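Reassemble the complex: the two chains are provided individually, in unrelated frames, and hints are given to aid placement.
Taken in sequence, the protein lines are chains C and R. In this text, residue positions in the first sequence follow the working numbering: the first is 59, and each later residue adds one. In this text, residue positions in the second sequence follow the working numbering: the first is 4, and each later residue adds one.
The hints are simulated quantities; they were obtained by calculation from the structure and are not laboratory data. Just so you know, not all the hints are guaranteed correct.
Stated by the list, open to error - Heads up, simulated DSBU-like pairs for lysine-lysine below, C-alpha to C-alpha not over 35 angstroms straight-line:
| no. | chain 1 | residue 1 | chain 2 | residue 2 |
| --- | --- | --- | --- | --- |
| 1 | C | 103 | C | 169 |
| 2 | C | 157 | C | 137 |
| 3 | R | 47 | C | 60 |
| 4 | C | 137 | R | 47 |
| 5 | R | 86 | R | 18 |
| 6 | R | 81 | C | 137 |
| 7 | R | 18 | C | 157 |
This one's a predicted model, so the numbers in the text were calculated from it and none came from an experiment.
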Amino acid sequence: RKEVEQDPGPFNVPEGATVAFNCTYSNSASQSFFWYRQDCRKEPKLLMSVYSSGNEDGRFTAQLNRASQYISLLIRDSKLSDSATYLCVVNTGNTGGFKTIFGAGTRLFVKA
Amino acid sequence: EAGVAQSPRYKIIEKRQSVAFWCNPISGHATLYWYQQILGQGPKLLIQFQNNGVVDDSQLPKDRFSAERLKGVDSTLKIQPAKLEDSAVYLCASSFRDSTDTQYFGPGTRLTVL
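Same shape as in the complex, but just chain R (with noise of 0.2 angstroms):
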């Protein structure tokens, strides 16, 4: 069975430059999530998304972030104008349900803001 795929694998941009994140979940999974993590620090939950619904995006900064699940497939994550407090690995996961379920994690997009 294929995983949770993610592109790309790196990314180095300028500040005020855009970008914008992949992902693709395991099949027949209903939720899908992004994460934040910051060297150092654990995943920070930026949004969950049940089929293409939003069940959770309390932590996203949405004066520059956005993200989309269209067709409750896969997913992109954009950053518009990216910071230097941006720079992050960017993980994708993936559960079958809910997060009462086991989650399954991407490689991550590891993005620097310069």
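For reference, chain C alone in the conformation it holds in the complex (with noise of 0.2 angstroms):
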């Protein structure tokens, strides 16, 4: 079992759809969590952390489940622009280091 997997897509959804995303990791140590983001060709940008009361920024709501230990993001009423690739990222360790493992990534195409 891959210690981060990801459901790769792609997702295929019109303008204005719900989409959401799942991210099961298999650490139950692991302790910080993020989404980035990844156009095409482009180096990967932060999306949003993930904190264990869930967090909001505006269309986008991400989630953490550690009793299932998946994260989760959830895009509402998606734009052209949200095309791309999404990562989750699982930290495990503690401060005297920490091991950071990517997703293999959702693809994500919002059609108009």
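The following block contains the structure:
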């Protein structure tokens, strides 16, 4: 089993749709979680951190479920500009050092 | 504020040749990362430095890859000798303290091994 797993998609949705991605992780000691966005042939950029209490930033909502060991990303009212690959990131470790693992990414295409 | 700088942006070499990549992180960032991203996959961490010490190099193929971060600032990643399967984008990133902070990525070096 991979340490971090994502549905590769692609997800093809019309503008205005709501879409959700999940990311599962295998190490129950994982401590911090992020969603990054990567446009085609570009570098990844932070979309949002994922907090235990969940967090929202405009049309984007991220949640963490420690019991089931997954994080989720919800995008409401999809825009054409949301088309990208969404990468989940899981960190495991302690103050002595953290191990960073990226998922393989989920591709999203938003169509007009 | 200047971002993470990498060079070269593109490199084409033949197998068994050597290649080196350079990265200059954001000023003041303690942690520097080198990732390998093969087409269609997520970035794979090769090595992580905190200042000039190695935090994690468990996925670095040490028989052919080496990296250093002299003086805790910029860093070089070397491959010697290169294999066909090393064709990938090599991304450098930096963060202020450690990987619980936001990682800022450079534009990457696209390596093609023929």
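Okay, the hints, checked on the actual structure:
At most 35 angstroms may separate the alpha-carbon atoms for a hinted pair to count; residue 103 of chain C and residue 169 of chain C meet this at roughly 22 angstroms. Distance check on the hinted pair: residue 157 of chain C and residue 137 of chain C sit about 33 angstroms apart at the alpha-carbon level, within 35 angstroms; holds. At most 35 angstroms may separate the alpha-carbon atoms for a hinted pair to count; residue 47 of chain R and residue 60 of chain C meet this at roughly 13 angstroms. Pair hint residue 137 of chain C plus residue 47 of chain R holds up; C-alpha atoms about 29 angstroms apart against a cutoff of 35 angstroms.
Between residue 86 of chain R and residue 18 of chain R, the direct Cα distance comes to roughly 5 angstroms. Compliance with the 35 angstroms bound is thereby established for this hinted pair. Proposed proximity of residue 81 of chain R and residue 137 of chain C is contradicted: the alpha carbons are some 41 angstroms apart, above 35 angstroms. Between residue 18 of chain R and residue 157 of chain C the CA atoms are separated by roughly 31 angstroms; this keeps the pair inside 35 angstroms, and the hint holds.
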